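Participant: Okay, here's what each chain looks like letter by letter:
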Amino acid sequence: MQFSVILSTAIRYMLPLMLIFSVFILLRGHNEPGGGFIGGLVAAAAFALYSFTSNLDEVRRALRVEPRTLIGSGLLVAVSSASLSLFFGLPFMTGLWYDEPLPVIGKVGTPFIFDVGVYLVVIGVTLLIVFSLTEEE
Amino acid sequence: MNVLLVSPLIIPFITGIILILMWKNRPAQRAISIVGSAALFIVSIILLLTVWEEGIQAVQIGGWPAPYGITLVADLLSAIMIVLAGLMAISVAFYSLASMDSEREAFGYHPLFHILMMGICGSFLTGDLFNLYVWFEVMLISSFVLVALGGERAQLEGGIKYVTLNLISSAIFLAAVGLIYGLVGTLNMADLSVQLRESDQPGIVLTLAMLFLIAFGLKAAVFPLYFWLPASYHTPPVAVSAIFSGLLTKVGVYTLIRVFTLLFIIDPAYTHTILLVIAGFTMLSGVLGAAAQNEFRRILSFHIVSQIGYMVMGLALYTPLAIAGAVFYITHHIVVKTNLFLVSGVVHRLRGTYQLKKLGGIYQLYPLLGVLFLIPAFSLAGIPPLSGFWAKFVLIRAGLETNQYIIVVVALIVSLLTIFSMTKIWAEVFWKAEPEPDPAYPREDLSLGALAGYVLPIAALAAVTIVIGLFSEPFVRLAIDAAEQLLDPNQYIHAVRPELLEGIVQAQN
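Residue numbers (the working numbering), protein chains in the order written: chain A, 1 to 137; chain B, 1 to 509.
It should be emphasised that the hints constitute simulated quantities derived from the structure, not laboratory data.
Hints may contain errors.
Stated by the list, open to error - With a straight-line cut-off of 20 Å between C-alpha atoms, the simulated DMTMM-like cross-links for lysine to aspartate or glutamate are: (1) K107(A) <-> E32(A); (2) K24(B) <-> E66(A); (3) K357(B) <-> D445(B); (4) K24(B) <-> D57(A); (5) K358(B) <-> E434(B); (6) K24(B) <-> E105(B); (7) K424(B) <-> E295(B); (8) K24(B) <-> E135(A); (9) K358(B) <-> D438(B).
Computed from a predicted model, the values in this text were never measured in an experiment.
Next comes chain B alone, as it looks inside the complex:
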């Protein structure tokens, strides 16, 4: 167990180290990158199965007991997120082999990628708030370099916005961590959960909750803090934007779910209503922003924002079904959104541009690519029987059950507008007759066979979407189990510090 729980951290770390040692040997780097990601994916699945069977797992690093040592905890939500991270790692690592230019590879793309994966897995596994901050930094430092790697003008512009906003978010996070430590004298999450519930200063606890909402909201890109995302995500190479769009904002959503189900549950009527309002505005502003865009990746970036709204909506409704919906939505979204970015990369490879106006006629030449775009696009919009349909179905049903009709109406409208955006991309890029070729953009007519390195990961992720859609039952059951764990913080506390619970039971008796 012990080994299993730390291996999602050690595997990417050792892979990264070997890649640093093999700095000059490009073929070896590429092979090791694939092996490392595959190992991460396999281990993550074993971890998920173990957690699903045996309940929440915890390890005290260094043998120092909580709350003094750092705890690693894997509950179902963490394990699901790690599996998704592993799936993204293997597909994007594979895609990078074909798509990454040799210059970026020479400047350390592969080691950075794996260190980024380590940071992401660390954020999912840690059971300590300050340790979470450290993992955020690991993740952010490698992502800063990945955004700017290559040094194109647009990249640096996007990179500066990304760095600035994320540093502000980290500063707020660190300040909040300091305040919370001053208030209760611990940073172990299980410990905090007990302490904050019993706190006799609810006003300060709510203030802290809002600080964490701002810090993690910035990272998750919720309204009104999302503006950095569409400004930066379309600038780096497509493999980098794919892994960012799939995982980085979702780390923010994950931490929001974690703190608002484990720590700040002192007054859900207040905090979760704020979350609900934020969710509605996030959905709407994201999808409206997308409608105004005419660049492939910018449209997709704005859609990340609107999709984040759905996940926050699930958290805000705060019923077992709603949280399950949020978990299911994250699962579906990571797969689909990464896939759409990967498709945009193929189009860019063929036509040299992301501008919708300059594109066209792809379907006529590459019908298979058109189908591979349609699957995730329809899934994103929520057309049955694809995974997006079930994700939205669960969330909307949860909304109806709690009589939150406004958010349900917003969610349905946003869903319609998502179809509008996706059909816009479809019509402009794939369907309309090809415009006069612009000599400014290098055009290459390759067969799909020559693009196998691009197409295989896309096809694999599309297959995952279809499988989740057609055989949704085990996935929904997994999400519901995860939600039940999240809504019962005592299970989490029991895994980390069982002795705390005895005190509570005695007090209640």
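Isolated chain A (complex conformation):
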């Protein structure tokens, strides 16, 4: 299969940029447009683009983990953030916040961790679909 030279060159620079951008979207998502779902899609799009220009093994190496592991760990992060309030005797999924805003990240609380879980699940699911479709050929 012939890959476009322009795309394959550009993606080397775009992949890290898109990943950073996806984290940016994830972080601003609490009060502004953005969040785990869209951030996850952007990150998955970066890897999907990469998979257009190189073979699948290389993409898998770049991703480092199995998409299925991403799904599992994302769900685990989400459910643990939701369960945390149970240990304080509060109802399931009650939002707990750390009072001091952290530099760069901003206010941190369980809804943010939940969003990180969503971010991981979305990357995992999207890439699982992309990889399975690519392997079909």
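Fit chain B to the known structure of chain A by using the hints.
Facilitator: This is chain B only, laid out in the frame that chain A set:
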């Protein structure tokens, strides 16, 4: 309390997550699946005991008060259903270890099973109509995959029918939810119960009731909406059909009971008469359909339909005794029906087919298996002292007390025809001399010891049937308590939004 109420959701969810993380490690998956189901079963029993002792429990998820947040409510009916779900989970998970082929296990049978359990428990616990829709989707998506997993031709055919009909049902449900929100501006069930009772537009409320009847009727497989069930339930592997036959249609029945005791009680003379007619036709058409079948699991599938009729009959009669009968019937039916499917799986393992014509002579070789079939079969038909007898007894007595003689006669006739079907299976599969072996079907003569993984769950469920039958008193009392809660919506409302009731009391004064 808080922890207890969400754990039937969190336990299967976390089990499912761990199973996804262990995707490639089959032995670990099998062990975790058993541990997860056992934990669910134990927690469900604690929940039931707590609810029975302390009354209806409610939790506002995220601390957002109803009607803005999502409420989880466990009344006795919910708690009973969760216990049954836990019991089915542990027995079918155990049975799956022996019966599920490694290919389906590799494609995620175990995680899907637990996500399905989460969807089922969620539907039983939620106190919010839209949230109920979401749990239905969780349940349906995992069940769609479970029906089609393996990709055999018959499975895909059954799967397409199953998916299509259930999507139509979901669409109607969603439309009805939208309309109800447009009418009263809330979806919290306790809130709705108050609002719909006081509604000055009874015509629209009745229309909505009929929409919900169609949506949940499709899921519960009542007449005339049951045709998808016998077309799909006999196609997937037997552990999957067992859990479907035990729990999925019963989720439909549960939601019918919930909405027609809590929400749409504005004109029972109208709505519940329709339910009664539906119940009669469901019983009859199911049992007559079964009489025409010659395949083990198809006969059982048609019998699910006819049994659903009995549960709807209890709801339709709408007296404390009748609702108690329906609750008791659900309890008995889930145990017995799942068990019959599990037995059919053993026969399939031994002879490679479900066709009655090709089977025979099982009793001569495996007398114990014959007995294990007879117990649930007789229980299904309602022979004393097994659980089915008491279930039918309570329902028929409720019918007589309300002078609904037609439905009583129908119920008794259907009961007789059920015996006919069960003796047909018995005569063909177990009793008659074995026909010439057909090389098309792989035949294996294993000892029952080698089939221990199959037989133990069957024996355990048969024991449950006998225990419910012999020591029926606490079970009947539990059902009656559940029925009293259901017939007094104020208890439910009080658990979720006590401030609403003060308004009603003041208005009445």
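Participant: It remains to establish, for every hint, whether it holds in the given structure.
Facilitator: The hints, checked one at a time:
A hinted pair counts as satisfied when its Cα atoms are at most 20 Å apart, and K107(A) with E32(A) qualifies at roughly 13 Å. With a CA separation close to 11 Å, the supplied pair K24(B) and E66(A) stays within the 20 Å bound. For the given pair, K357(B) sits about 19 Å from D445(B) by alpha-carbon distance, which is consistent with the 20 Å threshold. A C-alpha spacing of about 19 Å is found between K24(B) and D57(A), which places the hinted pair at or below 20 Å, so the restraint holds.
About 8 Å separates the Cα atoms of K358(B) and E434(B), which keeps this hinted pair within 20 Å; it holds. Among the hinted pairs, K24(B) with E105(B) is consistent with the structure: their alpha-carbon atoms are about 10 Å apart, no more than 20 Å. For the hint pairing K424(B) with E295(B), the CA-to-CA distance comes to about 11 Å; that is within 20 Å, so the pair holds. Between K24(B) and E135(A), the direct Cα distance comes to roughly 19 Å. Compliance with the 20 Å bound is thereby established for this hinted pair.
For the hint pairing K358(B) with D438(B), the CA-to-CA distance comes to about 7 Å; that is within 20 Å, so the pair holds.
This entry satisfies every hint, going by the numbered hints stated previously.
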